[in-house]
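J.: Going down the list, the protein sequences come from chains B and A.
According to this note's numbering, the stretch in the first sequence is residues 1 to 244, in order.
According to this note's numbering, the stretch in the second sequence is residues 1 to 101, in order.
Since the hints were derived computationally from the structure, they do not count as laboratory data.
Even for Gly, the Cβ is constructed at its ideal location relative to N, Cα and C.
Among the clues, some could well be false.
Residues from chain A shown here face chain B by an in silico Cβ test under 10 Å; the list is partial [said to hold, decoys possible]:
1) G22
2) Y23
3) R25
4) T29
5) A30
Here are the computed distance ranges between Cβ atoms for each label pair [said to hold, decoys possible]:
6) A:A41 with B:R9: 28 to 36 Å
7) B:D69 with A:A52: 18 to 26 Å
8) B:E217 with A:P11: 47 to 55 Å
9) B:G186 with A:M38: 32 to 40 Å
10) A:G32 with B:A226: 40 to 48 Å
11) B:A82 with A:P88: 53 to 61 Å
12) A:A41 with B:D220: 57 to 65 Å
13) B:G174 with A:S48: 45 to 53 Å
14) A:F80 with B:A232: 48 to 56 Å
15) A:S8 with B:L5: 51 to 59 Å
16) A:M34 with B:L5: 32 to 40 Å
17) B:A89 with A:S47: 43 to 51 Å
18) B:A89 with A:A41: 36 to 44 Å
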Amino acid sequence: MSAALDEPRLLDAGEAALVVEFGSTVDPAISDRVLALDDALGADPPEGLRERVPTYRSLMLHYDPLVLDRETLAERVRALVAGATARAASPILWTLPCCYDAPHGEDVAQVAERSGLSPENVVSTHAATTFRVYMYGFAPGFAYLGGLPQPLAVPRRASPRPPHPRNAIMIGGGLAAVATVPMPTGWYVIGATPSRLYAPERDPSFFVGAGDLIRFEPVDAATFDALVAREAAGEPVARRGEAG
Amino acid sequence: MPALVIDSAGPGVTLQDGGRHGYLRYGITAAGPMDPLMHAAANRAASSPLDATAVEISTGGVTVSAEDGAVGIALLAPGFRVALDGVPLPDTVARRGGRFA
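Pulled out of the complex, with its shape left as it was, chain B reads as follows (with noise of 0.2 Å):
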């Protein structure tokens, strides 16, 4: 069911964030009407318009009240939706590290057990996948992706499991997500990455946006171990290519 919308609709968000709601679904499509709408803003911002969030199918303007009233801001988003401008550049495909084995892969059999695949195959499904990065939130750096496969969407857990260790690899409700925080969380853990997608003493200190793709690659614990050591000496991991 597609369920994209022809107008946005403006909701507000209380007296200092106004939504931009492009449809109901994840949908590629749906996201790229979202960030053609932050690239413009982004590109020549009206003052006062403070952040912008892109979601999975809406944009979060949140704006300075004493600054930028709603309806200028509203004018200006209606403008740049009917102007329907194209994505400023095209998405990059990151290549990810990941190690699905033992430690690391610590909820692999459970999701197999929920899946019905084996865990061999929750590993190669997995790894066979261009993951969509639609959104960052819930907590710092904390991606979630799309492009899921159908046999992984397993539910989340019935209740939450201690937290993941930091730059955990997740899959859960039908979602797949990059957590670098530790948590705790209802989502499996299948992975964990080398390369720190947030690092708040880098700069910048993240790399990947929204809009872009994620390839996983397998590699081994002892491999996972000599990579962690390449990202903490400042060696970024991730491989960086342009998407198709």
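Given chain B's structure and the hints, the job is docking chain A onto it.
T.: Frame of chain B, contents of chain A only:
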């Protein structure tokens, strides 16, 4: 140099600046005051930059005093009981140079 001294502070009383904006798209909240417009209005009344650090008062209340001379203060505390040296004051008040405005 005149200074505002916080003599006592109840639970939830914090110092808040205007927050650090721009990283919400990466999942990092701006922090800052619970009520940004009230925070900005208090700063305006105190002739401070609108994002200057202010004392955010919660249900626990706060007691402050001036040290080494008069301290200008703006207080926006609707619903709170406010007093200066035991004398009740309005809950929204600014005082500068020893006079109420």
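J.: Determine for every hint whether it applies to the structure shown.
T.: We went through each hint and held it up to the structure:
{"no.": "1", "hint": "G22", "in the structure": "holds (6 Å)"}
{"no.": "2", "hint": "Y23", "in the structure": "holds (8 Å)"}
{"no.": "3", "hint": "R25", "in the structure": "holds (5 Å)"}
{"no.": "4", "hint": "T29", "in the structure": "holds (9 Å)"}
{"no.": "5", "hint": "A30", "in the structure": "holds (7 Å)"}
{"no.": "6", "hint": "A:A41 with B:R9: 28 to 36 Å", "in the structure": "holds (31 Å)"}
{"no.": "7", "hint": "B:D69 with A:A52: 18 to 26 Å", "in the structure": "holds (23 Å)"}
{"no.": "8", "hint": "B:E217 with A:P11: 47 to 55 Å", "in the structure": "holds (50 Å)"}
{"no.": "9", "hint": "B:G186 with A:M38: 32 to 40 Å", "in the structure": "holds (36 Å)"}
{"no.": "10", "hint": "A:G32 with B:A226: 40 to 48 Å", "in the structure": "holds (42 Å)"}
{"no.": "11", "hint": "B:A82 with A:P88: 53 to 61 Å", "in the structure": "holds (57 Å)"}
{"no.": "12", "hint": "A:A41 with B:D220: 57 to 65 Å", "in the structure": "holds (59 Å)"}
{"no.": "13", "hint": "B:G174 with A:S48: 45 to 53 Å", "in the structure": "holds (49 Å)"}
{"no.": "14", "hint": "A:F80 with B:A232: 48 to 56 Å", "in the structure": "holds (50 Å)"}
{"no.": "15", "hint": "A:S8 with B:L5: 51 to 59 Å", "in the structure": "holds (54 Å)"}
{"no.": "16", "hint": "A:M34 with B:L5: 32 to 40 Å", "in the structure": "holds (33 Å)"}
{"no.": "17", "hint": "B:A89 with A:S47: 43 to 51 Å", "in the structure": "holds (44 Å)"}
{"no.": "18", "hint": "B:A89 with A:A41: 36 to 44 Å", "in the structure": "holds (41 Å)"}
Of the hints listed earlier, there is not a single one the structure fails to meet.
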